[in-house]
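Below, each chain spelled out in residue letters.
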Amino acid sequence: MTISERSDGPSPALVPAKKHDGEALLKVTGLRKHFPIKKGLFQRQAGAVRAVDELDFEVWPGETLGVVGESGCGKSTMGRLITRLLEPSAGTVEFEGRDITHLGVGAMRPLRRDVQMIFQDPYSSLNPRHTIGTIVGAPFRLQRVSPAGGVRKEVQRLLSVVGLNPEHYNRYPHEFSGGQRQRVGIARALALNPKLVVADEPVSALDVSIQAQVVNLLDDLQQELGLTYVIIAHDLSVVRHVSDRIAVMYLGKIVELADRDSLYRAPMHPYTKALMSAVPIPDPRRKNAKSGRILLNGDVPSPISPPSGCRFHTRCWKATELCGTTEPPLLEVRHGRQVACHHPENVDDPAPPDAALLTATKEAFERLWTGDPAGSEPMR
Amino acid sequence: MLAYLIRRLFAAAVMLVVIIMVVFCIFFLVPEWAGVDIASSFVGKQADPAAVAAVREKLGLSDPIFVQVWEFFKGIFAGRTYAAGGEVTHCAAPCFGYSFRSEQAVWPVLTDRLPVTLGLALGAAVLWVVVGVAAGVLSALKRGSLWDRGAMVVALAGVSLPIYFTGLLSLAVFAFGLKWLDAQYVPLEQSFTGWLGGMILPWITLAFLYAAMYARITRATMLEVLGEDYIRTARAKGLREHTVVGKHAMRSTMTPLLTMLGMDLGALIGGAILTESTFNLPGLGRAILDATRNQDLPIVLGVTLITSLAVLLANLAVDVLYAVIDPRVRLA
Amino acid sequence: MTAFLDVRDLKVHFPTDDGLVKSVDGLSFQLEKGQTLGIVGESGSGKSVTSLAVMGLHTAGQYGKRKARISGEIWLDGTELLAADPDHVRRLRGREMAMIFQDPLSALHPYYTIGKQIVEAYRIHHDVGAKAARRRAVEMLDRVGIPQPDKRVDSYPHEFSGGMRQRAMIAMSLVNNPELLIADEPTTALDVTVQAQILDLIRDLQREFGSAVVIITHDLGVVAELADDILVMYGGRCVERGPADELFHEPRHPYTWGLLGSMPRLDRDQQERLIPVKGSPPSLINRPSGCAFNPRCPYADVPKDDVTRTVRPELTEVGGRHWAACHMSAEQQKRIWAEEIAPKL
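Residue numbers (the UniProt record's numbering), protein chains in the order written: chain A, 1 to 380; chain B, 1 to 332; chain C, 1 to 345.
Where hints are given, some of them may not hold.
Claimed, not checked - Have a look at the derived ranges for each label pair, beta carbon to beta carbon:
1) L142/A <-> S145/B: 46 to 52 Å
2) P15/C <-> K247/B: 26 to 32 Å
3) S43/C <-> L225/A: 27 to 33 Å
4) W317/A <-> A330/C: 46 to 52 Å
5) L156/B <-> T316/C: 56 to 62 Å
6) L225/A <-> K278/C: 18 to 24 Å
Because the hints were derived from the structure by calculation, they are not lab data. Note that beta-carbon positions come from the ideal geometry of N, C-alpha and C, so glycine has one too.
Bound-form chain A, shown alone (with noise of 0.2 Å):
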């Protein structure tokens, strides 16, 4: 039996996903990034890591993308592969109905108005010395944009969208802690007014109250200027909460494609279930219930060298043998959800029918995740 054939069932979404009228901003169809190996006497290209694999996905206006996965799942090449920071092997990158593919330097200069990155590290990304009115002005002077009151004027109106202080322009990026220069890369992005934001892991390097600041802060822009996110992280609580729709990337592929809540709710790929269920849950009182967990047996395979068919089928306790030999592709089980496994899970639940049920569901989730409400008086 096939995908296909079992998503022709009855079985309407948790959640139906939005309708996308129009055209999506970006739309990615087989990208592919193998970065060669050379080895031997005459370093011939014995092989290659093959970082992302054969990735198709829209992000749609106004949304927020998130993309989370382990390290070397080929999440970060993806995102310097969508804004061209990196040359795709194969496929194609269309931005608002634009090949940019492969656009030269000087072809994607325009283009870099409407693309702007976040990046990881607040330290290592800003020039240390520069001062923060040049490192957020720099945008305008290389794109030769003059805003309406002058650059300075525009920087330290940024500056404060940010919530960072004007008058701090004059100041060098080591006077100010990591939350803070994160703030300052966001107001770089933000300069031009971009349409696409991709954020590179934007908050991992900050402590978590600072983080919670970030998150916040990138919520209140997506409000206010109407952006569109693709937001990549290792965090599961963080990409939860920032995205609209999540993708799961495991070995350079994309496992799993669906919108926040049915994708939290009913994981269909094992390893959505297995990544989500390591995570560890703040509650101590749930330290009997990690029984449940599953726990993944050995590593990430090498990128170099991936397992046939599936390639998630050496960890996965349900792998059959034609996970061992046909790889599943990436298919639309329901409307808005797409997963790539051969014996996907939660498919066969009936979803309840109508909102009495799902009420119902909803609140037996929360007895369940939250614990017993009787049982809250502290023990003495």
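Chains B and C: place on chain A using the hints.
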């Protein structure tokens, strides 16, 4: 590893051929293009035109360029015979050319001079590695102390003072003033103590410069390594401090030093020109200096080639040793 | 009678060009064998500095003039470590107390094989031959779940994956059966699925060896999984300490509330917004007088204002084995948590 070695040796050979061609062009062809008669430079400026013509024929200087280069290469492996008129000069393989100025083949000159330079370079290297590394480690461990500051001032002096100055000063004080040592080079075969006496001052002079550099590098590297996480781990295991520094930290400090040592030795084999001329040592540096002064181009060519070869081999040795020390370096 | 590990009024100050950095400024806690203490705090809160002080690693290998100034008492199994002979403390390191570090790649020497490093750790404290020590290393690697331990013992750290390296690091720290194990951010450098494996391993090993464990982390999820007691640090001092369950379900200090509110949680329904702590961590040189959290505290105005700004709150018992350092009264704390904070989480 083997594939890597073969590839590197092959690359070294290609590099050597390129060097020979470039050197050849510089020494033989550029003067010609500039309208300077090389043949007359071989016999001397006052030589009569007939002698110049004879030399030109003998050296094949009227042949096309590529023939000249080919003859030179062939000479290295098969030897070469220079003949013009009745005069025949044979230069046995490996023939690196024939000096008509001093009327001798270049190769024996090189083999004669090389041991002197080798002795100077290796002896000084032992000295500077021991002194430099020890001073550097001590300075690192006593950072900020009087010893550290003193050692670094001396090191700064060592780096900045020219060899003529330190060399002549040491000669003046120890050889001529105190008369502790003889400032005369004695070949090793003749007398070991004589050789030692003649080499001590050059060693110290040369080692002073290099020890200063090594002390500074060792100090900086050691300080960096002592801040590494794995040094903290070593202490957390309960290791004694001298094991932590002497074993764990030292091993990592050695890597950049080794790279430097390889490069420095390679370059010094080509002749420590200043040291050798200051102390009047008959080494390669002295040879190239004299040859330049006498416009004895074949000798200059020969020394240049030896130098290039030494640097190439030293580089290769460093790369291989690096892989031995640091298991992360994969020679593939 | 002192606890197995008893830290009293620990202060660790570092002289720098800018002034005296008071990384830890009066910290006390106790830990018994078989128990796990979680120390939670953000960068610069002094949690790692504390662990290094217990291990005696601020003074060992301290070269140059600028020495850390450490005062207070650290009792381990009846011995006071700060006043003890440094060589005696060195002999305790690795044998009585061992440590696991955050980044196993940089914490292992890149030039020595895993086996050599474990053997070295074993042979400093045990008079055994090379062969016996190697057998022990293989046995430990096997115990921490490294496949083919007799082969992998000869691998170099860079040939291991991140998770395997951390397992090897754990094997090395446990090779002498230490009674105290300090794990400083043991899973921060690892992926989630690997983190789950390592946390599982630490829990199992503790059960097996019965040692006291201090786990230092910024991740509340990790302490919730492992710790019996939790200590929250802010600006070099403990702001709240208590049984794990109470810390999560009845926290008393506004900073603890802030940590809980900053964290997006997978186990709850989607929060609309996170509740971050405003501002940035305090300077460790010019510490705010009074409560260090005062400039960032949303409830600074609740108790008497002048007290918060001038008097440093001491840890006071607010429940069974539960202490908090806050000027608000226990009733105020309870009320604000129940009415204002808990419903928003």
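Checked hints:
{"no.": "1", "hint": "L142/A <-> S145/B: 46 to 52 Å", "in the structure": "50 Å, holds"}
{"no.": "2", "hint": "P15/C <-> K247/B: 26 to 32 Å", "in the structure": "30 Å, holds"}
{"no.": "3", "hint": "S43/C <-> L225/A: 27 to 33 Å", "in the structure": "31 Å, holds"}
{"no.": "4", "hint": "W317/A <-> A330/C: 46 to 52 Å", "in the structure": "49 Å, holds"}
{"no.": "5", "hint": "L156/B <-> T316/C: 56 to 62 Å", "in the structure": "59 Å, holds"}
{"no.": "6", "hint": "L225/A <-> K278/C: 18 to 24 Å", "in the structure": "23 Å, holds"}
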